[in-house]
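J.: Sequence:
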Amino acid sequence: MILTKLSAEEISALESTRMNFQLNQTYPLSCKSEELFDDHFLLSYLERVKKEVQAPDLLVAASIFSKRYSLVVTLPALMMMTVYNKRMSWKTEDLVLTDSLSEEWWLPGIFHQHIVTYEIDDDHRLQQQEILFKELFAYHLSPLWSKLNKLSGIPVPTLWENAFSYIKWFYETVLPEKADPPRVEDDFEWIGNADGNLFASRKNPFQSFWHDAKRHKEMRRTCCFAYKCSSDKIMCNSCPKK
Numbered sequence: 000m001i002l003t004k005l006s007a008e009e010i011s012a013l014e015s016t017r018m019n020f021q022l023n024q025t026y027p028l029s030c031k032s033e034e035l036f037d038d039h040f041l042l043s044y045l046e047r048v049k050k051e052v053q054a055p056d057l058l059v060a061a062s063i064f065s066k067r068y069s070l071v072v073t074l075p076a077l078m079m080m081t082v083y084n085k086r087m088s089w090k091t092e093d094l095v096l097t098d099s100l101s102e103e104w105w106l107p108g109i110f111h112q113h114i115v116t117y118e119i120d121d122d123h124r125l126q127q128q129e130i131l132f133k134e135l136f137a138y139h140l141s142p143l144w145s146k147l148n149k150l151s152g153i154p155v156p157t158l159w160e161n162a163f164s165y166i167k168w169f170y171e172t173v174l175p176e177k178a179d180p181p182r183v184e185d186d187f188e189w190i191g192n193a194d195g196n197l198f199a200s201r202k203n204p205f206q207s208f209w210h211d212a213k214r215h216k217e218m219r220r221t222c223c224f225a226y227k228c229s230s231d232k233i234m235c236n237s238c239p240k241k
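Everything in the sequence shown is counted per numbering that gives the first Met the number 0, starting at 0 for the first residue and increasing by one.
The set of hints was computed from the structure by calculation and includes no laboratory data. Careful: at least some of the hints might be erroneous.
With a straight-line Cα cutoff of 25 Å, these simulated DSS-like cross-link-like pairs (lysine-lysine) come out [claimed, not checked]:
no., residue 1, residue 2
1, 227, 213
2, 31, 177
3, 50, 146
4, 50, 66
5, 202, 149
DEER-style ranges, computed between Cβ atoms [to be verified]:
no., residue 1, residue 2, range
6, 152, 122, 38 to 48 Å
7, 120, 27, 21 to 31 Å
8, 184, 55, 18 to 28 Å
Values in this document were obtained by computation on a predicted structure and should not be read as measured data. Glycine included, each C-beta is placed from N, C-alpha and C at the ideal position.
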């Protein structure tokens, strides 16, 4: 396992996934990721999200938050794994949610306080993927989703599908142009079939959504409630409520 530094190309690629390399934290919704694991802070944070996205209640606010958050938490690390064959250390205590990258919409970025990357060789690829997935899911998103469910009532499967929707888009649309197609396909298959313990679960929560993707089924299994924040209240084309 060899420690490496980020190249200019890798930095540019990570910036395309909303990873920031300068800490901009003046926005009311900017915070350290580890702060979100405190119930009192998270409840207050959801109230601020509710106001920002004009959600009718905390359940909808939690869903919108999970969509914005899972994108910036998962895609940079997956980009490094699949495109550059590197595992970026992705511990919760190192991550900071930064200012919105848009004045019109709340689109936060992510800042990593202590970037460390390791080359992934073929002999240890599975081991490195498992370490990364535990940091991404078992130790991060899974406990955070449980807290969101407790505080807002948002169904946990909805949160996982929100996260998977971005991962699916990333592996089907973005990465095939940046990496070796067989590697993209293999990594996406592994994401959908990795052991549940990497998600702190008996079963991989992405598996059913992954099977839908392989069958080219565009309809979601759960509603993300984003339509409730729009003025026209129009549901997206993949909404199961349509």
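J.: Okay, residue 120 versus residue 27 on CB: inside 21 to 31 Å?
T.: Given about 44 Å between the Cβ atoms, the range is violated.
J.: What's the verdict on residue 50 and residue 146, does the C-alpha distance respect the 25 Å limit or exceed it?
T.: The given pair, whose Cα atoms are some 20 Å apart, holds under the 25 Å limit.
J.: Are the Cα atoms of residue 50 and residue 66 separated by 25 Å or less?
T.: This hinted pair holds, its Cα atoms lying about 16 Å apart.
J.: Going straight from one Cα to the other, do residue 227 and residue 213 come out at no more than 25 Å?
T.: The given pair, whose Cα atoms are some 29 Å apart, is violated under the 25 Å limit.
J.: Between residue 31 and residue 177, is the straight-line Cα distance small enough, at 25 Å or below?
T.: violated, 30 Å
J.: Could you check the hint for me, namely that residue 152 and residue 122 are 38 to 48 Å apart, CB to CB?
T.: Since the Cβ atoms of residue 152 and residue 122 sit about 46 Å apart, the hinted range of 38 to 48 Å holds.
J.: Check the hint pairing residue 202 with residue 149 against an upper bound of 25 Å on the C-alpha distance.
T.: Holds - the C-alpha atoms of residue 149 and residue 202 are around 20 Å apart, at most 25 Å.
J.: Does the Cβ-Cβ separation between residue 184 and residue 55 fall within 18 to 28 Å?
T.: violated, 40 Å
This entry does not satisfy hints 1, 2, 7 and 8, going by the numbered hints stated previously.
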